[in-house]
Amino acid sequence: MIDYKIEPISPEAHLFKVTVLIERPDPKGQVVSLPAWIPGSYMIRDFARNIVSISACTDEAELQLQKLDKQTWQLPVTDKAVTITYKVYAWDLSVRSAHLDITHGFFNGTSVFLRIDGQEDQACLVEILPPVGDRYSSWRVATTMTACGARPYAFGIYGANNYEELIDHPVEMGCFVDASFEAAGIPHNIVITGKHYADMERICSDLQKICEQHIRLFGELPDMASYLFLVMAVGDGYGGLEHRSSTALICKRDDLPHKHQKKMSDGYRQFLGLCSHEYFHLWNVKRIKPKVFVKPTLKSEAYTTLLWAFEGITSYYDDLALVRSGSIDVESYLTLLAKVITRVQKGAGRLHQSVSDSSFDAWIKFYKQDENSPNAIVSYYTKGALIALSLDHIIRERSEGQYSLDDIMRVLWMQYGAKEVGVCEGDIERVIQEHTGLDLSDFFNQSVRGCNDLDIETYLDSVGVGYKLRQSRGASDSGGLKDTDADAELPRLVLGVATRSDGKELVLSNVFDGGAAQVAGLSAGDTLIAIDGLRVSEANLDGLVTNAINGTPVKVHAFRRDEIMEFDVTPLPANADTCELWIKEDVDEATLARRTAWLTGL
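In the numbering used here, the protein residues as written are 615 to 1216.
In case anyone wonders, no lab produced these hints; they're calculated from the structure.
Don't be surprised by glycine CBs; every beta carbon is placed ideally from N, CA and C.
Careful, some of the hints might be misleading.
[What the hints assert, rightly or not] Keeping only pairs whose Cα atoms sit at most 27 Å apart, straight-line, the calculated DSS-like set for lysine-lysine is:
hint, residue 1, residue 2
1, Lys701, Lys684
2, Lys960, Lys809
3, Lys877, Lys1198
4, Lys1082, Lys1198
5, Lys1033, Lys953
6, Lys681, Lys701
7, Lys1198, Lys1118
8, Lys876, Lys866
9, Lys960, Lys876
10, Lys905, Lys960
11, Lys866, Lys953
12, Lys809, Lys953
13, Lys982, Lys684
14, Lys913, Lys684
15, Lys1198, Lys1096
16, Lys982, Lys905
[Claimed, not checked] Using C-beta positions, here's what the derived DEER-type ranges look like:
hint, residue 1, residue 2, range
17, Leu743, Ser1013, 17 to 27 Å
18, Asp1056, Asp1176, 32 to 42 Å
19, Gly1036, Asp1202, 41 to 51 Å
Generate coordinates for the entire structure from the input sequences, incorporating the hints supplied.
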């Protein structure tokens, strides 16, 4: 048994104090370490950098810890029980690490609990203590870690069967609002921290439908006593991270629905999609997972080419579950799908990097994006979602409706997830062929391992959905439903850049391959000053460029560092990269049946 104790000793200074009691240290000299990354987020984060101080002792003497590398320490040889005490600085307001102030505390186990090398399979007890002081007297605790004497939502002692389980139960402490519902007979709880005005009854009603939709798809829930949505409501933020029986989420408080607000806002739809995504991970990633993610050491990178499936397929089903559950209508779903298609089409990186390579290089590219990323990389989330869409419709059409991607996910659950067997490279392709009899090797070679564009128009036509790519109408145009006025618009001229407003200055954040700005020599980081002698701003940039005469250069002045430079830029027509979708009304019965089966999951 490994005993841990964690206490928010100084919310004002953002410090947790952690104590670990090792009853039987390794007689050769116990080694302890803190993970370098957290499952579900594929970047080395070096959580050990937040350890402010660390010491060790027995009942008889202080012990000298020897640091072996950036995250690993070794104790001297002893046959006595050892206590290690350390302080962790917690000031990362995200779903990945730890955060503590006078309003709340949050932590993932990977940020605060040392791994006792060689004793990872030992059961763990954790005593979670409250901060000291009257201002914290109403704080509570929310986690799905097993209570070992602690009352619901109370500080006290919790337990885990081993270290892997210990670090897979995030903990929230503070003053929060909670509510609950049941899905498949299992309690599902939601806790929201931060100032908000959320209609908890509506949120529970919508989440219940979405959760039950995912459960119907897989046929059963994984074995768990309850599920918990841990939500931090902030002024501006978005993100989620999956765990074995919970998810940590961060969202804008204005995305949460207010009481008496009946309309489905874009923000609330996005929040439900985020919840849907993380809940689908209960099966896909937490149980159905790449073999390299089965018991990873978390000390260094774990490489796989399969993130396109685990994140991409999840990204496909997160929004599809919203329409299948009745949480949104078909038009809203097509709007969401069109936006995903647009995001993929706007990135030239899709022509240079496959989703297989994107998965493998997530550690150094996807999670460490720079000004050239749109030109060099593709998202295994968004293109992965479109690959899942394509696979779904290919399987449906070629099997004449006998099979779908839904069936493949159930097979993967039964053969891998439920049996805790890791998925090897090539297994998904093999499962599709064995279960459906379809040889899709050409599709995988061209679209997964290659950089071919997907034939989305053909796949959607098979279910009676119209598809069109048109020019963007502006920086905020991300596509959607068909606009009947679009055909009458004149071609739009653009510089081929993305910008950010830096105070009163307009800075080029990205310069796209082959665009007018790149051809003329402008670079990311340049600060635009004027176009044809007129001061340029975020508000008038589009107008100044659009007013140019096609084929005629404009004079652009910009600062590069502290040097003013002049460029002759010939604006080019915007690419047809913005997607519109619509329901085709006049379709045959077979097409209508395929569309109904796809959108209902029946």
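To see whether the hints hold, each was checked on the structure:
{"no.": "1", "hint": "Lys701 to Lys684", "result": "holds (16 Å)"}
{"no.": "2", "hint": "Lys960 to Lys809", "result": "violated (36 Å)"}
{"no.": "3", "hint": "Lys877 to Lys1198", "result": "holds (26 Å)"}
{"no.": "4", "hint": "Lys1082 to Lys1198", "result": "holds (13 Å)"}
{"no.": "5", "hint": "Lys1033 to Lys953", "result": "violated (36 Å)"}
{"no.": "6", "hint": "Lys681 to Lys701", "result": "holds (16 Å)"}
{"no.": "7", "hint": "Lys1198 to Lys1118", "result": "violated (46 Å)"}
{"no.": "8", "hint": "Lys876 to Lys866", "result": "holds (18 Å)"}
{"no.": "9", "hint": "Lys960 to Lys876", "result": "violated (34 Å)"}
{"no.": "10", "hint": "Lys905 to Lys960", "result": "violated (33 Å)"}
{"no.": "11", "hint": "Lys866 to Lys953", "result": "holds (20 Å)"}
{"no.": "12", "hint": "Lys809 to Lys953", "result": "violated (30 Å)"}
{"no.": "13", "hint": "Lys982 to Lys684", "result": "holds (20 Å)"}
{"no.": "14", "hint": "Lys913 to Lys684", "result": "holds (10 Å)"}
{"no.": "15", "hint": "Lys1198 to Lys1096", "result": "holds (11 Å)"}
{"no.": "16", "hint": "Lys982 to Lys905", "result": "holds (24 Å)"}
{"no.": "17", "hint": "Leu743 to Ser1013: 17 to 27 Å", "result": "violated (57 Å)"}
{"no.": "18", "hint": "Asp1056 to Asp1176: 32 to 42 Å", "result": "violated (54 Å)"}
{"no.": "19", "hint": "Gly1036 to Asp1202: 41 to 51 Å", "result": "holds (43 Å)"}
Hints 2, 5, 7, 9, 10, 12, 17 and 18 from the list above are not met by this structure, while the remaining hints are.
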